Amino acid sequence: MIKVKNRIRRLRFDHDEMTQEKLANLAGCTRQTIIALEQGKYVPSITLAFKIARAFGLTLEDVFQYEETT
Amino acid sequence: MAPLQKRALYSLGIGVVLAIALIMVFILKGVTTFDEDLGFRLIVYALWVGVPLAYLIIVNLTLRKPEQIDERDRLIMAKAPRVQYLSVLFSLVAWTIALTELYWDKGQVPVIYLTLIMISALIISTISQSAGILIGYWRMGRND
Numbered sequence: 000m001i002k003v004k005n006r007i008r009r010l011r012f013d014h015d016e017m018t019q020e021k022l023a024n025l026a027g028c029t030r031q032t033i034i035a036l037e038q039g040k041y042v043p044s045i046t047l048a049f050k051i052a053r054a055f056g057l058t059l060e061d062v063f064q065y066e067e068t069t
Numbered sequence: 000m001a002p003l004q005k006r007a008l009y010s011l012g013i014g015v016v017l018a019i020a021l022i023m024v025f026i027l028k029g030v031t032t033f034d035e036d037l038g039f040r041l042i043v044y045a046l047w048v049g050v051p052l053a054y055l056i057i058v059n060l061t062l063r064k065p066e067q068i069d070e071r072d073r074l075i076m077a078k079a080p081r082v083q084y085l086s087v088l089f090s091l092v093a094w095t096i097a098l099t100e101l102y103w104d105k106g107q108v109p110v111i112y113l114t115l116i117m118i119s120a121l122i123i124s125t126i127s128q129s130a131g132i133l134i135g136y137w138r139m140g141r142n143d
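As given, the protein sequences belong to chains A and B, one line each in that order. Just so you know, numbering that gives the first Met the number 0 puts the end of the first sequence at 69, numbered straight through with nothing missing. Just so you know, numbering that gives the first Met the number 0 puts the end of the second sequence at 143, numbered straight through with nothing missing.
Looking at chain B on its own, in the form it has when it is part of the complex (with noise of 0.2 angstroms):
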């Protein structure tokens, strides 16, 4: 496994469990404690650094070592970016569809979703990355 490889792989893993914690948060909570609850707040902001964070560290920090990448590596960072906007478009088409059903009647959503949208494009955008890597690797593995 290339070490680019073994690190998106990493970084999936971490950013998957980060993303499943925050939304037990919100689960257990309840979206509207969010406005209510400084502490929660905290947890979800804390949440929503860590993923980027955590691929940062994990990843470019193998960038940042040229013997560890080559060529091949970096033709398939070029093409990750395909996943990662083709994620966060589905996400957002998701959220849009799913307010628009839950406050229909109500003709209007409430401000907290700004910020839970936000949250979820940015670790959705993350993981996709390390998701779009893996898929680059298992693509050129079986393209014989």
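Just chain A, same shape as in the assembly (with noise of 0.2 angstroms):
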């Protein structure tokens, strides 16, 4: 099983607890979606997790980490 963790809600409260709309403003997608990916429900495109990392000053995978599981 593969799987794509984040950190995204730790480096919003890294980053003067950004809100997520604000975030997604600076990603360019919704608040909805903001939610879905920190409670782990939904693994971004790559232009939208570069936006995403970008938005953060961090590289990708600063943010994301990619799991192989058995």
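Treat the hints with care, as some may be off.
As a list, the in silico DMTMM-like pairs of lysine to aspartate or glutamate whose alpha-carbon atoms are at most 25 angstroms apart [as the list claims (entries may be wrong)]:
(1) K50/A - D13/A
(2) K21/A - E67/A
(3) K21/A - E60/A
(4) K4/A - E20/A
(5) K4/A - D15/A
(6) K105/B - D34/B
(7) K78/B - E37/A
(8) K40/A - E70/B
(9) K40/A - D61/A
(10) K50/A - E16/A
(11) K50/A - D15/A
(12) K40/A - E66/B
(13) K5/B - E37/A
(14) K21/A - D61/A
(15) K21/A - E66/B
(16) K28/B - E100/B
(17) K50/A - E66/A
(18) K4/A - E60/A
(19) K2/A - D61/A
(20) K50/A - E100/B
(21) K21/A - E70/B
(22) K4/A - E100/B
(23) K2/A - E70/B
(24) K2/A - D15/A
(25) K64/B - D61/A
(26) K105/B - E35/B
(27) K50/A - E70/B
(28) K2/A - E37/A
(29) K5/B - D61/A
A few chain B residues that don't get close to chain A, going by computed Cβ distances all over 12 angstroms [stated by the list, open to error]:
(30) L41
(31) A53
(32) I68
(33) L74
(34) F89
(35) S124
(36) M139
Some chain B residues near chain A, calculated using beta-carbon distances under 7 angstroms [to be verified]:
(37) A1
(38) R71
(39) E100
(40) D104
It is worth saying that the hints were derived from the structure and are not from the lab. On a predicted model such as this, the values are computed, not experimentally measured, just so you know. Note that CB positions come from ideal geometry on N, CA and C, so glycine has one too.
Take the two lone chains, each set in its own frame, and fit them into one complex as the hints suggest.
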């Protein structure tokens, strides 16, 4: 089983408690998608993943982690 | 709730209400009245046009606003036609079985049923598109 985890909630907290709305605006998606991402219910496209990482000023792998479990 | 999800829910509600109204009109007036009564035909046509129109206004207006939908919504929209085509297919199977059994002895089916099949296919197609969107959000929500 392949799972992509993320640290979005933690990173938002670290960035002056950035709101989901603000992150959504910076990444060009809806707030509902940010909620789904934080809950691990949606894996973003590579484009959106890059946009979210850039919104935090980080690299892709600082935000998203690829995990392969059996 | 995402804007598209909210609109799909409203659209489904309106579609179901109009479809029930249409069925009730046919039950109360009788199917053969369609051929004889112009007023009845106009009511049916209004309901027939009403469902797709409600869908177009409610859902498509959301799609025109880029800030209200993103890649997740588009992914769900792309999968919705699966529900749509299965629903229409099952409705056609149901019509075929029902009409075959009902008119087997007579060997012919009244022409009015051609119109009814068309009306039902269009309404089911519209309603099931909204249902497909809602199912998409529900499935994505439990995908953990």
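Consistency of the no-contact label for I68/B, given chain A and a CB cut of 12 angstroms: 7 angstroms, violated
Distance restraint between K2/A and D15/A, which requires alpha-carbon spacing of 25 angstroms or less: 28 angstroms, violated
Agreement of K50/A and E100/B with the hint, judged by alpha carbon distance not exceeding 25 angstroms: Violated - the C-alpha atoms of E100/B and K50/A are around 59 angstroms apart, more than 25 angstroms.
Given pair status - E70/B, K2/A, alpha carbons within 25 angstroms: Between K2/A and E70/B the Cα gap is close to 19 angstroms, so the pair holds against 25 angstroms.
Hint consistency between K4/A and E20/A [alpha-carbon to alpha-carbon, up to 25 angstroms]: 21 angstroms, holds
Pairwise hint evaluation, E66/B against K21/A, where the allowed Cα distance is 25 angstroms at most: Status holds; Cα separation ~13 angstroms.
Nearest-CB test (12 angstroms) between chain A and M139/B: The claim is violated: M139/B sits with its nearest Cβ about 6 angstroms from chain A, within 12 angstroms.
When the least beta-carbon distance from R71/B to chain A is tested against 7 angstroms, hint result: 5 angstroms, holds
Agreement of K40/A and D61/A with the hint, judged by alpha carbon distance not exceeding 25 angstroms: This hinted pair holds, its Cα atoms lying about 19 angstroms apart.
25 angstroms limit on alpha-carbon distance, applied to hinted pair K40/A and E66/B: 21 angstroms, holds
Hinted pair K50/A and E16/A, Cα distance within 25 angstroms: 18 angstroms, holds
Per-residue hint verdict: E100/B, partner chain A, C-beta under 7 angstroms: 45 angstroms, violated
Violation of the numbered hints given earlier is confined to hints 2, 20, 22, 24, 25, 29, 32, 33, 36, 39 and 40; the remaining hints are satisfied by the structure.
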